[in-house]
Amino acid sequence: MRRVLAVSALLVFGLLGAARPILIGITQIVDHPALNAVRDGVIEALRRAGYVEGQNVQYLLTNAQGDFSVAIAIAQEFRARGVDLVVSITTPSSQAVVQVFKDTHVPVIFSAVTDPVGAGITGYPNVTGASDMIDVRADVELLLKLVPGLKRLGQVYNPGEANSAILTEMTKKVCAELGIELIVAAANGTAEVPLAAQSLVGRVDAIYCTTDNTVAAALDAVVAVSKAHKIPFLFADPTSLERGVLICTGFDYFDHGLLTGEIVLKVLGGTPPSAIPFVRQAGTQVWLNLDVAQEMGFVFPEEAKKLATGLLFGGQRFVKE
Amino acid sequence: MLFLHAAEQGLIYGLMALGVYLSFRVLAFPDLSVDGTFPLGAAVAGMLVLRGFSPYLALLGALGAGLVAGAFTGVLATRLRIPGLLAGVLTMIMLYSLNLRIMGRPNLSLLGRPSALLGLARALAAPRGYEILVAAGLFAAFVFVLLLLFLHTELGGTLRAVGQNPEMVRALGTNPENLVVLGVALSNGFVALSGALASQYSGFADVGMGIGTIVAGLASVMVGEILLRPRGIFSHLVAVLLGSVVYRLAISLALRYGAALGFTASDLRLLTALVVLGALAAPALRTALRGGEA
Amino acid sequence: MLELLGITKTFALGAERVVALEDVTLALGEGEVATVIGSNGAGKTTLLNVIAGTCRPDRGRVRLAGRDITRWPVHRRAPLIGRVYQDPLRGTAAQMTVLENLALASRKGGRGLGPLVGRRKRQILGAAVAQLGMGLEKRLNERVAHLSGGERQALTVLMATLTRPKLLLLDEHTAALDPANAERVLKITEDLVREYRITTLMVTHRMDQALAVGERLVMMHKGRVILDLGATEKGRLRVEDLVALFRRAGVSDDALLLVQNGACA
Numbered sequence: 000m001r002r003v004l005a006v007s008a009l010l011v012f013g014l015l016g017a018a019r020p021i022l023i024g025i026t027q028i029v030d031h032p033a034l035n036a037v038r039d040g041v042i043e044a045l046r047r048a049g050y051v052e053g054q055n056v057q058y059l060l061t062n063a064q065g066d067f068s069v070a071i072a073i074a075q076e077f078r079a080r081g082v083d084l085v086v087s088i089t090t091p092s093s094q095a096v097v098q099v100f101k102d103t104h105v106p107v108i109f110s111a112v113t114d115p116v117g118a119g120i121t122g123y124p125n126v127t128g129a130s131d132m133i134d135v136r137a138d139v140e141l142l143l144k145l146v147p148g149l150k151r152l153g154q155v156y157n158p159g160e161a162n163s164a165i166l167t168e169m170t171k172k173v174c175a176e177l178g179i180e181l182i183v184a185a186a187n188g189t190a191e192v193p194l195a196a197q198s199l200v201g202r203v204d205a206i207y208c209t210t211d212n213t214v215a216a217a218l219d220a221v222v223a224v225s226k227a228h229k230i231p232f233l234f235a236d237p238t239s240l241e242r243g244v245l246i247c248t249g250f251d252y253f254d255h256g257l258l259t260g261e262i263v264l265k266v267l268g269g270t271p272p273s274a275i276p277f278v279r280q281a282g283t284q285v286w287l288n289l290d291v292a293q294e295m296g297f298v299f300p301e302e303a304k305k306l307a308t309g310l311l312f313g314g315q316r317f318v319k320e
Numbered sequence: 000m001l002f003l004h005a006a007e008q009g010l011i012y013g014l015m016a017l018g019v020y021l022s023f024r025v026l027a028f029p030d031l032s033v034d035g036t037f038p039l040g041a042a043v044a045g046m047l048v049l050r051g052f053s054p055y056l057a058l059l060g061a062l063g064a065g066l067v068a069g070a071f072t073g074v075l076a077t078r079l080r081i082p083g084l085l086a087g088v089l090t091m092i093m094l095y096s097l098n099l100r101i102m103g104r105p106n107l108s109l110l111g112r113p114s115a116l117l118g119l120a121r122a123l124a125a126p127r128g129y130e131i132l133v134a135a136g137l138f139a140a141f142v143f144v145l146l147l148l149f150l151h152t153e154l155g156g157t158l159r160a161v162g163q164n165p166e167m168v169r170a171l172g173t174n175p176e177n178l179v180v181l182g183v184a185l186s187n188g189f190v191a192l193s194g195a196l197a198s199q200y201s202g203f204a205d206v207g208m209g210i211g212t213i214v215a216g217l218a219s220v221m222v223g224e225i226l227l228r229p230r231g232i233f234s235h236l237v238a239v240l241l242g243s244v245v246y247r248l249a250i251s252l253a254l255r256y257g258a259a260l261g262f263t264a265s266d267l268r269l270l271t272a273l274v275v276l277g278a279l280a281a282p283a284l285r286t287a288l289r290g291g292e293a
Numbered sequence: 000m001l002e003l004l005g006i007t008k009t010f011a012l013g014a015e016r017v018v019a020l021e022d023v024t025l026a027l028g029e030g031e032v033a034t035v036i037g038s039n040g041a042g043k044t045t046l047l048n049v050i051a052g053t054c055r056p057d058r059g060r061v062r063l064a065g066r067d068i069t070r071w072p073v074h075r076r077a078p079l080i081g082r083v084y085q086d087p088l089r090g091t092a093a094q095m096t097v098l099e100n101l102a103l104a105s106r107k108g109g110r111g112l113g114p115l116v117g118r119r120k121r122q123i124l125g126a127a128v129a130q131l132g133m134g135l136e137k138r139l140n141e142r143v144a145h146l147s148g149g150e151r152q153a154l155t156v157l158m159a160t161l162t163r164p165k166l167l168l169l170d171e172h173t174a175a176l177d178p179a180n181a182e183r184v185l186k187i188t189e190d191l192v193r194e195y196r197i198t199t200l201m202v203t204h205r206m207d208q209a210l211a212v213g214e215r216l217v218m219m220h221k222g223r224v225i226l227d228l229g230a231t232e233k234g235r236l237r238v239e240d241l242v243a244l245f246r247r248a249g250v251s252d253d254a255l256l257l258v259q260n261g262a263c264a
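Note that the protein sequences, when read in sequence, are chains L, A and V. Note that numbering that gives the first Met the number 0 has the first sequence beginning at 0, numbered continuously upward. Note that numbering that gives the first Met the number 0 has the second sequence beginning at 0, numbered continuously upward. Note that numbering that gives the first Met the number 0 has the third sequence beginning at 0, numbered continuously upward.
Wrong hints could be hidden among the right ones.
Unchecked claim - Some chain L residues well away from chain A (every beta-carbon gap over 12 Å; in silico): (1) 84; (2) 104; (3) 137; (4) 150; (5) 175; (6) 182; (7) 202; (8) 239; (9) 254; (10) 292; (11) 293; (12) 297.
Unchecked claim - With a straight-line cut-off of 25 Å between C-alpha atoms, the simulated DMTMM-like cross-links for lysine to aspartate or glutamate are: (13) V:165 with A:166; (14) L:150 with L:176; (15) V:137 with V:182; (16) L:150 with L:294; (17) V:221 with V:240; (18) V:165 with V:190; (19) V:120 with A:166; (20) L:229 with L:204; (21) V:120 with A:153; (22) V:233 with V:31; (23) V:165 with V:214; (24) V:221 with V:86; (25) V:165 with A:153; (26) L:101 with A:130; (27) L:319 with L:140; (28) L:319 with L:241; (29) V:137 with A:153; (30) L:144 with L:294.
To be clear, the hints were calculated from the coordinates, so they are not data collected in a lab. Virtual Cβ for every residue (Gly too), placed ideally from N, Cα, C.
Same shape as in the complex, but just chain L:
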């Protein structure tokens, strides 16, 4: 009798062990549409590969609500819970996770970090991920083609955002190389974006904003200035086209999440993170908003139109063949 019980117990435990879902902790610094899109992309990528929540995978979804000490507490909580893998979204959350997990074997996959090297999270054997660094040079060159005679470029950004500050530095460098004058307007919070945008009026031939979260949150203000004063505006987020932006480049953060998810799948499949160099999001799109162009009385050069991935016309998106 006792032997039957023992064997049954072993069987049960064995089954449970085999059926134990993989525990993945996902952390982000704030609740934000772009960051949420990354998170959703990761989960979707895993779902497509057969990982279903509740069955073979369990997610611990957290966000630090802007509090950096909480970001650390979250990372510590993940470690205490024995997660099998961590996905960290944005620089501060990634730094916190790496600080806690750097001497472990638990894989850490970062995402939406513009400058992983600068953030100090590269070089660890269990850490890899995806950088959302946009191609600033390509954007500025595109503007040069779309706005003939472009001499002065304006940029609104939040100097307090790590990702954004790096991109603005890059913009400065690229402009210097291309012989364009860059005029920046700083906004420390969403409330200051309208004023910053206003300050560019009459001083610039075009406005270029990167993946700055503050600008993204107050995008309508910049769009309003662009339309009212007929200043061409390029924003590095393709999902914002319908909000009145003249030119959109970049990539969808959901796609960035999918890309991150691919890395997660590779690691889950057995490839060690040390064998995966971090990737940069490729595949920049170019969207031209013909409706807003009409409103503004702006005409895209025919040659330049060929560079577009797609157009917005009559409220509808048309993708080029």
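Keeping the supplied structure of chain L fixed, place chains A and V upon it in accordance with the hints.
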């Protein structure tokens, strides 16, 4: 594990809470500049470490920066007669830009850099797993003793009197305004030191890491007061550190059990507040259940 | 010891101008105790404020122990002047202990990093407070907030005289106490002032007190000194005489309300 991390953070942030106690309770000066001096300490210490200075020297630098910033707030409030609350806000706003200048960028990575916490722990041969706790405990104890001794000196006693009866201090021949400047300077020195330690603990310094400091500090002070009902200075200081630990514990508990109770990730703040509320209500509930007055 | 020469203070009450003090001239010798009496609005408190430094006169000079202190800030005069207010809460730090309050008052001027209450100080101060006869020497470690109004006021008086100031200013300091405590505090005041020969200016609203205490009587009305009696004349007066003198000076019973304007009234 849960308690360990809460205790570590509680002690590190406890230094900040001691600073808030000094300005808010002892001097009766509501000082909002701490939201700026906390990351100031992190920025100064971070830059010093990156330039190759010892992490201990970096802490000293952070302390000095905090003293200066606090003195600035004090001078604004006393000499320029700017209301205390506003003076603190002005300093905080200025420090935001200053911190960006000091770091040169909004975020500084200190991962893998020398840390005073680890250094101290190794020097003391602290048991594995408890290194940070021991080191943090030591720093907290150091500031604790310093503050305790200071408040019992003639100068410290007069400082305490300033917060209760500045007119009396004036009548005793000391200018209370000078003491306010001294007290607010000291307070921010502690806060900056706390920020420096926190950045070495987290592995990075970020210009945004000060947001919510005053809230955390006040919460720690008040939670400690209600839990311990301190009578003298010693018990008050203990209460502040205890409150800080309880506050961090509340966050950890909310993180651990929040999901199980049906809360989503965004409810963290609400949950933390509920846990703190529970801690505060417990003594009152206990007394009510016994059917008597405390 | 104390000389007031032509002190005048006017301040604006909306559109009107109120004369708080008009050409007040007064002199007190060392160790002399004077009572000041007058109706509300006579300028008594303003006078004390001018002497203490919380109010600057428009004209006139204040001299103390031979020095012109008219322009001195409060904390500079403080080592020379002790002051007790009507409100028993005003003279002490409520959350600090009896001993700590006494220790603070035992040294005027610079504050160092030495311990506030050492063993020797505890003995000396304990002995001093025992002289009050209120049993406070047994409650040295209690917070002042737990003391009664009378005890707090007695403590304040002791604190104000601890460093033997050149001048003691008493601003109706028994007015807020019940009769028993008022008597006790008054007696303590007289004993201390006599023992240490402290020049004293005591403002009171009670005629009996004004006559019983000290060897000088100063009566004020509408900012002027209308009566200044020396020991002999004062000794002959009774309360009824004082009331008659008041009526003759034209003081009506209607109190003239002086606006509480910052440091001056």
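Hints, verified against the model:
With a minimum CB-CB distance of about 18 Å to chain A, residue 84 (chain L) clears the 12 Å threshold, and the non-interface call stands. The Cβ of residue 104 (chain L) lies farther than 12 Å from every Cβ of chain A, with a closest approach of about 17 Å, so its non-interface assignment holds. Under the 12 Å C-beta cut-off, the non-interface status given to residue 137 (chain L) relative to chain A holds; the minimum distance is some 23 Å. The claim that residue 150 (chain L) lies off the interface holds: its Cβ sits roughly 28 Å from the closest Cβ of chain A, which is beyond the 12 Å cut-off.
Chain A leaves residue 175 (chain L) outside its interface by the beta-carbon criterion, the shortest separation being 18 Å against a cut-off of 12 Å. Look at residue 182 (chain L): its CB is around 19 Å from the nearest CB on chain A, clear of 12 Å, so calling it non-interface holds up. Against the 12 Å criterion, residue 202 (chain L) stays outside the reach of chain A, whose nearest CB is about 22 Å from its own CB. Under the 12 Å C-beta cut-off, the non-interface status given to residue 239 (chain L) relative to chain A holds; the minimum distance is some 23 Å.
Remark: the non-interface label on residue 254 (chain L) is consistent with the geometry, its nearest Cβ contact in chain A lying 23 Å away (cut-off 12 Å). The Cβ of residue 292 (chain L) sits about 35 Å from the closest Cβ of chain A, beyond the 12 Å cut-off, so the non-interface label holds. Interface exclusion of residue 293 (chain L) from chain A stands, the closest Cβ pair being 39 Å apart, more than 12 Å. Chain A leaves residue 297 (chain L) outside its interface by the beta-carbon criterion, the shortest separation being 34 Å against a cut-off of 12 Å.
Of the pairs offered as hints, the one joining residue 165 (chain V) and residue 166 (chain A) holds, with about 20 Å between alpha carbons and a cut-off of 25 Å not exceeded. Only pairs whose Cα atoms come within 25 Å are accepted, and residue 150 (chain L) paired with residue 176 (chain L) is accepted, the gap being roughly 13 Å. Distance restraint check for residue 137 (chain V) and residue 182 (chain V): the Cα-Cα separation of roughly 22 Å lies within the 25 Å cut-off, and the hinted pair is therefore satisfied. Restraint check for residue 150 (chain L) and residue 294 (chain L): satisfied, since their Cα atoms lie roughly 23 Å apart, inside the 25 Å limit.
Between residue 221 (chain V) and residue 240 (chain V) the CA atoms are separated by roughly 20 Å; this keeps the pair inside 25 Å, and the hint holds. Annotation: proposed proximity of residue 165 (chain V) to residue 190 (chain V) holds, straight-line Cα distance about 16 Å (limit 25 Å). A threshold of 25 Å between alpha carbons decides the hint, and for residue 120 (chain V) with residue 166 (chain A) the separation of about 24 Å falls inside it, so the pair holds. Between residue 229 (chain L) and residue 204 (chain L) the CA atoms are separated by roughly 9 Å; this keeps the pair inside 25 Å, and the hint holds.
The hinted pair formed by residue 120 (chain V) and residue 153 (chain A) meets the criterion: a straight-line CA distance of about 12 Å does not exceed 25 Å. Only pairs whose Cα atoms come within 25 Å are accepted, and residue 233 (chain V) paired with residue 31 (chain V) is accepted, the gap being roughly 14 Å. In summary, the hint linking residue 165 (chain V) to residue 214 (chain V) is supported, as the alpha carbons are separated by about 18 Å, within the 25 Å threshold. Taking the CA atoms of residue 221 (chain V) and residue 86 (chain V), the gap is near 24 Å; set against the 25 Å cutoff, the hint holds.
At most 25 Å may separate the alpha-carbon atoms for a hinted pair to count; residue 165 (chain V) and residue 153 (chain A) meet this at roughly 24 Å. Proposed proximity of residue 101 (chain L) and residue 130 (chain A) is supported: the alpha carbons are some 16 Å apart, at most 25 Å. Between residue 319 (chain L) and residue 140 (chain L) the CA atoms are separated by roughly 21 Å; this keeps the pair inside 25 Å, and the hint holds. For the hint pairing residue 319 (chain L) with residue 241 (chain L), the CA-to-CA distance comes to about 18 Å; that is within 25 Å, so the pair holds.
For the suggested pair residue 137 (chain V) and residue 153 (chain A), the alpha carbons sit about 23 Å apart, so the restraint of at most 25 Å is met. In summary, the hint linking residue 144 (chain L) to residue 294 (chain L) is supported, as the alpha carbons are separated by about 20 Å, within the 25 Å threshold.
When held up to the earlier numbered hints, the structure conflicts with none and fits them all.
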